[in-house]
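Peer 1: The listed protein sequences correspond, in order, to chains A and B.
Using our numbering, read the first sequence as starting at 1 and increasing by one per residue.
Using our numbering, read the second sequence as starting at 1 and increasing by one per residue.
Please note that the accuracy of each hint is not assured.
Stated by the list, open to error - Not the full set, but computed from the structure, chain B residues with beta-carbon under 10 Å of chain A:
id	residue
1	E55
2	T62
3	H67
4	P70
5	A236
6	D243
7	G315
8	S333
9	R339
10	V360
In case anyone wonders, no lab produced these hints; they're calculated from the structure.
For each residue, glycine too, the CB sits at the ideal point set by N, CA and C.
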Amino acid sequence: MKPRFIAFSAQGLALTAVFGMAGCSTSVDASKGRPGTSTSGTPGSPSAGLPTGSGGSGPGAPGGPLGTGGGGVVVPGACAMLGPALVRRLTRYEYNNTVNVLLRDTTAPAQTFPPEPSTNGYDTDSTASAPSRILIDGYHGAANGLAEHVVTDLNGLLGCAPEAPGCISSFIQGFGTKAYRHTLSTTEVQNFQTFYDTQRARFDAPTSVRMLLEVFLQSPKFLYRSADGADAFDTASRLSYTLWGSMPDDALLAAARGGQLATKAQVGAEASRLMADPKAKLQLSHFQTQWLGLDVLAVAQRDAATFPEFTQEMSGFYQQEMSAFWNDVVWNGPGDVKTLLTAPYSFMNQKLAAIYGIAGVTGDTFQKVTLDPTQRMGLLTQAGLLVRMTPANRSNPVTRGKLIRTRFMCETLPDPPASVNRVEPAGEPGQTTRERFAAHEATPSCAACHALIDGIGFGFENYDAIGKWRTTENGKPIDASGQIVSDTGSIPFVGAVELANLLATNPKTGDCLAKQWFTFALGRSARPEDSCVLKDLGAVLSSQGLGVRDLVLTHATSDAFAAPGYSLP
Amino acid sequence: MTVSPKLRRRMLLGAASVCLPLPFLEMLWGAKAQAQAASPQRFVVVYAPGGAVPELWNPTGTGETDHVLPSVLAPLEPWRQKVLITQDLGMKVAEISQGNAHAVGSGAMLTGQILQGNDGFADGPSVDQVIAKTVGSATRFASREFGVSWPTGGGGNGSSLNIINYAGPAQPVPPSVDPSKIFREIFSGLSTPAPMGPDPMAALRAQRRSVLDRVISEFTTFNSTLGAGDKVRLDAHLQHVRDLEMSLGGMGGGVTTCTVPTAPASVDINDDNSQPEVAKIMTALLVMALACDQTRVASLVFADSIAFHHFPFLGFTENYHAYQHDKGYQPNSLAILERWHTERLADLLKAMEDVKEGPVSLLDNSVVLSVSEISHPEEHGTTMMPFLLAGGGNKLRAGRRMLCQDVPHNKLLLSIANAFGSTATTFGHPDYNSGPLAGVFG
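Between the sequences and the hints, there should be enough to build the whole structure, so can you do that?
Peer 2: This is the structure in structure tokens:
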């Protein structure tokens, strides 16, 4: 395999590479000059690059101005983050994790909240929409249910008898610090004490404590986390929600209280501690799920007559395979892009091995299996990803090519014009997929964009709709030749294994994965002025060849992690 | 708009997908069914247009009772034991019917029939009107139809886009939309038979209001520290909390039986912002019309199928149809709109449950059928219809989910008609009228 450099950019074909400034456009040279403290005239931001439409600012936040003020340290000339500081609503995932720690809840009440609007495929952009009444009703119902449940063991909750002197006050301070992820001010404590006393005059102690909890759980200080760069408690929350998807533990809150999150070195030490906790593994898995859109595996369906192997339990196996491989590479291996894309092994049980055509795997337990290097390597050829990229019973070069373009190359593809038929070509009986989709090439209004998409997607033709290897379709031999079309030319390739090698040896792939993490972690689209930090983060995976964990730790101590406009020494 | 080629997007549900009950539940239902013999049995249709995002409506899981309700149906979780989900029914007749896909579905879903000609009226009676003919002579009104936002497009009573109820072939029964007029027609001259008891929920509501008062104070302080962009969103949050508190304060005393309602306050039914209020009034009037035995058959129509109404109170700027497909399929937005309708269905179930009829409730003596005219909002889907039943009337075997393997929904309509005493053996179009659906009543 010859390593070849590919310039992944589609701008020459009138596509707006909205998402991908530094990582995806050949025209960016962010190394020349770093943005200062002004947002205007950021070096290296191409004119086509401003996020629009699908970008980060939704109807509720029209690119709003700076949020919280405060006396942070602004370091001129550093690779500092700019742009609006926005408070972030906990996602459903974060809410469930938080009440699990805070109240030992195992019912995951946020499952019934409305789903977050997906921005760039991630649930973390709480600014994409204003909260709906349904969500507020959900908070209300969850608060009532949670509070009612925990007051059934009142003394256990309070750690003292409610009528004992100082019991409620100490509960307010202790519980409040955790719920608000912040030490309560004297005024805050007093307000809660007054509230409790007022209720206690009318109702019994369990009822009054329950009401106290209901206030905490519906307060903005519980449901939102703020972005004040000067506040060590905000830094603690930022660390725990980024690395764990959950609230800070006692040690992290203590570090904030004790002034131990004031330098990058201190933040880095806490970040390393958090990364050693199993919660970090869950969080990176959560990221993988959203990066690749693996949620759809849970509802994937296939025609039972055509694919008798595809039973209900298979969706779980596909997910397990993806997760086991990711965890192994990221946590037991180097976690680098090359291994993710070209590892010669995967994990499977007997039923999944049958999809792969691999003998000798028995039982339901997953085990590490060496792959046939002519058919499979790394993430791209995993059965789970192939199923995820295939919406129905036939292979689909559009959905496959689109996933590679958007998630591995960080390009934003425009929707087809409203005037065109969006229905997949029906084709004639007996045609191959390739023949069916030839309609795109033959139709001028489709051809330009679909050359970008289908050109890559055709490379996956050796895999059917359930991820099985095939050499024929409808009795005709498979043609898995594809091409990566860009404004600087086309790179031909044959099959997904060669595609994986091409992506693995291209530095833009690491830049893209770094940008995916950035987008997930910050809960917003990348902006032109982010090109400086994105370059640094991308370099961890690309030029330095390090792994995903290194990326996460580098990000945690970078200026991209601090609040906008602030930089820790 | 013309009929688009319909994409078959049916989920195939594997070997466990039998549209049949499992035996152990028979015993549970025997005892409960006996309790309801004496009271009149009611039938209610609930219609919300626009179909449902399949991934967010169709329950997951493989069993009959361990199914998981996705977010659109999640508001029904408290009513799980009184809901029967007839998952994966097909609406075959819509596939041979000519006209706008929404009109075709509106006509087909309760009649099991095609439209006459292209975009004409449905070619047969709807199930509610079949039942009204069977049970309607016992009450003042054979049936009543209540509309919330109707019609949102043009055509009024003359358009098959706007009609779901039919007395017979091409005999539309449009809904009533004026709350004051409906109130006068049904309740003037009636008096409440028994005095109201004390409200057992009053203390809890007072507590909830105190909590929300305190939460509002928290928001007021917090929001004052925010920058403009954040403040817009947090103020919207605060306003919802205020509305929630208001709604707790505005609840009436706990209804225990037929209680003649007071005349509804004046409300601008043409203002989309009034929908929550109108839905509340119509729900209350409908439930009391049943509780006071003024009718035993009712329909609650949230809107007509063209769905050109807006949901500004949920923060949406385009009309409902735009999110289905007019401006591109937007499942995340639809999920919120669809869920709003599910919540209103839950409100209806709650109001019916609150009416006690001896040892059981009005809901236990009713069959509620919730339907939409399409399934997949983008594709005008005709498979995997988002239909469900609720209540316990006529030995409805609720608390379950049936996987119906794309059988024609005519079978369900026939089963419902039979449960209410119809002796028919077929329902709707002759191509799809192959007998009842086993396992719904028992």
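Peer 1: It remains to establish, for every hint, whether it holds in the given structure.
Peer 2: Verification of the supplied hints:
Look at B/E55: its Cβ gets to within about 5 Å of chain A, closer than 10 Å, so that hint holds up. Satisfaction of the interface hint for B/T62 is found here, the shortest Cβ-Cβ separation to chain A being roughly 6 Å, below the 10 Å cut-off. Checking B/H67 against chain A by beta carbon gives a least distance of about 12 Å; that is not within 10 Å, so the hint is violated. Look at B/P70: its Cβ gets to within about 9 Å of chain A, closer than 10 Å, so that hint holds up.
Interface hint at B/A236: satisfied, since its Cβ lies 4 Å from the closest Cβ of chain A, which is below the 10 Å cut-off. A cut of 10 Å between beta carbons decides the hint on B/D243: the least distance to chain A is about 7 Å, and the hint holds. Look at B/G315: its Cβ gets to within about 5 Å of chain A, closer than 10 Å, so that hint holds up. Taking 10 Å as the C-beta contact cut-off toward chain A, the hint placing B/S333 at the interface holds, the least distance being around 8 Å.
Checking B/R339 against chain A by beta carbon gives a least distance of about 6 Å; that is within 10 Å, so the hint holds. The beta carbon of B/V360 is not positioned within 10 Å of any beta carbon in chain A (closest approach about 26 Å), and the interface hint is therefore violated.
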